[in-house]
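Participant: Heads up: the protein sequence lines correspond to chains A and B, in order.
Take my numbering: the final residue in the first sequence is number 431, and no numbers are missing along the way.
Take my numbering: the final residue in the second sequence is number 89, and no numbers are missing along the way.
Just so you know, the hints here were simulated from the structure itself, not pulled from any lab data.
Any given hint could be a false lead.
The list that follows gives simulated cross-link-like pairs (lysine-lysine, DSS-like), each with its CA atoms no further than 25 Å apart [claimed, not checked]:
(1) A/Lys308 / B/Lys26
(2) A/Lys149 / A/Lys205
(3) B/Lys26 / A/Lys31
(4) A/Lys175 / A/Lys200
(5) A/Lys302 / A/Lys31
(6) A/Lys43 / B/Lys26
(7) A/Lys43 / A/Lys32
(8) A/Lys175 / A/Lys205
(9) A/Lys211 / A/Lys200
(10) B/Lys80 / B/Lys26
(11) A/Lys32 / B/Lys80
(12) B/Lys26 / B/Lys2
(13) A/Lys302 / B/Lys80
(14) A/Lys32 / B/Lys26
(15) A/Lys302 / A/Lys175
(16) A/Lys31 / B/Lys2
(17) A/Lys149 / A/Lys175
(18) A/Lys31 / A/Lys43
(19) B/Lys2 / A/Lys32
(20) B/Lys2 / B/Lys80
(21) A/Lys308 / A/Lys31
(22) B/Lys80 / A/Lys31
(23) A/Lys302 / B/Lys2
(24) A/Lys32 / A/Lys302
(25) B/Lys2 / A/Lys43
(26) B/Lys80 / A/Lys308
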Amino acid sequence: MSSIMWMVENVFGTPAILLGFIVFVGLLLQKKNVSQLMSGTFKAVIGFLVIGAGSGVIVDALMVFQPMWKEVFGLEAESLGEFMGQDSFNAQYGSAVALAMTLGFLINVLLARFTRFKFIYLTGHMMFWTTTIFAGIVVHTVGDVSPTKLVIFLAVIMGLYWTLQPALTQPFMRKITGNDNIALGHTSASVALLGALAGKYAGNKDNDSEKIKVPKGLEFLRDSNVITALTMGVLFLVGAIILIAKGTPGAEELMAQSGEQSFIIYAIIQSFMFAGGIAIVLMGVRMFIGEIVPAFNGIATKLVPGAKPALDSPVVFPYAPNAVILGFLGAFFGSLLWLVVIGNTVSYIFVPTMIVIFFHSATAGVFGNATGGVRGALLAGFITSTVVSWGQYIMVNALLSSTVPDTAMWAADSDMFILGPIIKFLAQLFF
Amino acid sequence: MKILAVCGLGQGTSLILRMNVENVVKELELEADVEHTDVSSASGMPADYIITSAELAESLTGHEGTVVIVNNYFDTNEIKAALSEALHS
Numbered sequence: 001m002s003s004i005m006w007m008v009e010n011v012f013g014t015p016a017i018l019l020g021f022i023v024f025v026g027l028l029l030q031k032k033n034v035s036q037l038m039s040g041t042f043k044a045v046i047g048f049l050v051i052g053a054g055s056g057v058i059v060d061a062l063m064v065f066q067p068m069w070k071e072v073f074g075l076e077a078e079s080l081g082e083f084m085g086q087d088s089f090n091a092q093y094g095s096a097v098a099l100a101m102t103l104g105f106l107i108n109v110l111l112a113r114f115t116r117f118k119f120i121y122l123t124g125h126m127m128f129w130t131t132t133i134f135a136g137i138v139v140h141t142v143g144d145v146s147p148t149k150l151v152i153f154l155a156v157i158m159g160l161y162w163t164l165q166p167a168l169t170q171p172f173m174r175k176i177t178g179n180d181n182i183a184l185g186h187t188s189a190s191v192a193l194l195g196a197l198a199g200k201y202a203g204n205k206d207n208d209s210e211k212i213k214v215p216k217g218l219e220f221l222r223d224s225n226v227i228t229a230l231t232m233g234v235l236f237l238v239g240a241i242i243l244i245a246k247g248t249p250g251a252e253e254l255m256a257q258s259g260e261q262s263f264i265i266y267a268i269i270q271s272f273m274f275a276g277g278i279a280i281v282l283m284g285v286r287m288f289i290g291e292i293v294p295a296f297n298g299i300a301t302k303l304v305p306g307a308k309p310a311l312d313s314p315v316v317f318p319y320a321p322n323a324v325i326l327g328f329l330g331a332f333f334g335s336l337l338w339l340v341v342i343g344n345t346v347s348y349i350f351v352p353t354m355i356v357i358f359f360h361s362a363t364a365g366v367f368g369n370a371t372g373g374v375r376g377a378l379l380a381g382f383i384t385s386t387v388v389s390w391g392q393y394i395m396v397n398a399l400l401s402s403t404v405p406d407t408a409m410w411a412a413d414s415d416m417f418i419l420g421p422i423i424k425f426l427a428q429l430f431f
Numbered sequence: 001m002k003i004l005a006v007c008g009l010g011q012g013t014s015l016i017l018r019m020n021v022e023n024v025v026k027e028l029e030l031e032a033d034v035e036h037t038d039v040s041s042a043s044g045m046p047a048d049y050i051i052t053s054a055e056l057a058e059s060l061t062g063h064e065g066t067v068v069i070v071n072n073y074f075d076t077n078e079i080k081a082a083l084s085e086a087l088h089s
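Chain A extracted, bound-state conformation:
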């Protein structure tokens, strides 16, 4: 009995070890050789631990960004308050997240096997983030929860979401891809649907975005590291210049943080640190998701005949490359507008991370174009920025302020914001 307890506490209670174990089993099921077993399992453990390190870097940069823009808008200094942060949240609830993700996937496979929704969700990093954010909402709402209950609750919700989300977007996917072979499995589904609706009612389908010529040289927009550093760099730089010009006591205090270094250079370096932190977290996620998803896929294809893979949002980009850029432009304009409006009305500093803005608005842009041409794509992008900016404000302040608001600022997005209040409501009901 004591050895079972030891297993439960140390293997299932230590998220990195648990993930290593899940990956190990997954690789065994795929009949990998000893060397692949070793490298896969080790990479999963390291990857999970790397996430914590990257989150720390992101939070440090956010701790400069937020006060800076608060001072720019002349807002009352209100810090994020006490929160656990991704690193310690993972240490405490990471096991529950990993288990809920695995069981939620199995529920998805079962639903695909026995219902007419034949979709298998394969976008592993979004599976991880969505489960994390929803766990953050539950823990924030009801306090300390029993791990078993948390796992069951999340697994059922995730399983349903991963099965139904691709089904909801599939009618438009058929229109975009021209076939029924692949589905969208991504948290941008809600803005994609809203974009498609906006395009339908306010767009002009005949003015297809693919008829216009977009200038070459926008390829850098496809590189997430570059666009994150670029946009955050612009915002940090503008913030720094305004602070220097203002010269208020609050501004002086912030500027003192850079010490001997020029405050402008210091601010620019912070934006690169922020992008670097995201790159570190994504490397960590890649290391374990890259081992889990092939195992998931192996299980699904064996169990579900005629399964359709629900895939990451860039699958739709090649079908309308111009709509991708138009969606991004609509969202970029929208996020700058909302940064100022939200800052001046509800005193919240919106952190527009490009991963959220670009990938979500690009997807919405393709959907908007499919129903409403150029105007549809631009509108869809603007809708995306509206959902993610106001959504971030509500999420960070009201839904998970004591758990992982740091993660919600850069890795939470469209569907999570739309479903967030429902998760809170259900958590109150069931816990």
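Given the coordinates of chain A, assemble chain B onto it according to the supplied hints.
Facilitator: Positioned in the frame of chain A, the structure of chain B alone reads:
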């Protein structure tokens, strides 16, 4: 032989591409280590072949490995044709 599957974020799309490339590699009876990554990391990683889209290929010119362009990441026939052509040239 080392092959990199590359997309913009290095998470989902490149992983699916990696899985499809692994299948193709098996069909062609090759011995290859396939990894997936984002485009910025890829330019600094040693590899014999880099498989990616036409848009990202431009940022990878200058890499020592051969860049193989695939339009549809889910079409194993296209991947197979593109990879075989690169192998034999």
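Participant: Evaluate each hint against the coordinates.
Facilitator: Verification of the supplied hints:
Taken as a hint, the A/Lys308 and B/Lys26 pair is honoured in the structure, with Cα atoms around 22 Å apart against an allowance of 25 Å. Between A/Lys149 and A/Lys205 the alpha-carbon distance is near 48 Å, which puts this suggested pair outside the 25 Å criterion. With a C-alpha separation of about 14 Å, the suggested pairing of B/Lys26 with A/Lys31 holds against the 25 Å cut-off. Under the criterion of a C-alpha separation no larger than 25 Å, the hint pairing A/Lys175 with A/Lys200 is consistent with the structure, at around 13 Å.
Distance hint between A/Lys302 and A/Lys31 is fulfilled; the C-alpha atoms sit about 14 Å from each other, no more than 25 Å. With a C-alpha separation of about 23 Å, the suggested pair A/Lys43 and B/Lys26 falls inside the 25 Å cut-off, and the hint holds. A threshold of 25 Å between alpha carbons decides the hint, and for A/Lys43 with A/Lys32 the separation of about 15 Å falls inside it, so the pair holds. For the proposed pair A/Lys175 and A/Lys205, the alpha carbon gap of about 13 Å is at most 25 Å, so the pair holds.
Restraint check for A/Lys211 and A/Lys200: satisfied, since their Cα atoms lie roughly 19 Å apart, inside the 25 Å limit. Restraint check: the Cα-Cα separation between B/Lys80 and B/Lys26 comes to about 11 Å, which is no more than 25 Å; the hinted pair holds. Between the alpha carbons of A/Lys32 and B/Lys80 the distance comes to roughly 23 Å, so the proposed pair stays at or under 25 Å and holds. Using a Cα cut-off of 25 Å, the hinted pair B/Lys26 and B/Lys2 holds, with the two alpha carbons roughly 14 Å apart.
Distance hint between A/Lys302 and B/Lys80 is fulfilled; the C-alpha atoms sit about 23 Å from each other, no more than 25 Å. Between A/Lys32 and B/Lys26 the CA atoms are separated by roughly 13 Å; this keeps the pair inside 25 Å, and the hint holds. For the suggested pair A/Lys302 and A/Lys175, the alpha carbons sit about 29 Å apart, so the restraint of at most 25 Å is broken. For the hint linking A/Lys31 to B/Lys2, the alpha-carbon distance of about 21 Å falls within 25 Å, and the restraint holds.
This hinted pair does not check out: A/Lys149 and A/Lys175 have alpha carbons roughly 40 Å apart, beyond 25 Å. A distance of roughly 18 Å separates the Cα atoms of A/Lys31 and A/Lys43; the hinted pair therefore holds under the 25 Å criterion. Under the criterion of a C-alpha separation no larger than 25 Å, the hint pairing B/Lys2 with A/Lys32 is consistent with the structure, at around 18 Å. Taking the CA atoms of B/Lys2 and B/Lys80, the gap is about 16 Å. The hint holds against a cut of 25 Å.
Proximity of A/Lys308 to A/Lys31 is assessed by CA-CA distance (about 24 Å); at most 25 Å being required, the pair is judged to hold. As the CA atoms of B/Lys80 and A/Lys31 are separated by approximately 24 Å, the hinted pair is consistent with the 25 Å bound. With a C-alpha separation of about 28 Å, the suggested pairing of A/Lys302 with B/Lys2 is violated against the 25 Å cut-off. A threshold of 25 Å between alpha carbons decides the hint, and for A/Lys32 with A/Lys302 the separation of about 17 Å falls inside it, so the pair holds.
With a C-alpha separation of about 18 Å, the suggested pairing of B/Lys2 with A/Lys43 holds against the 25 Å cut-off. For the suggested pair B/Lys80 and A/Lys308, the alpha carbons sit about 21 Å apart, so the restraint of at most 25 Å is met.
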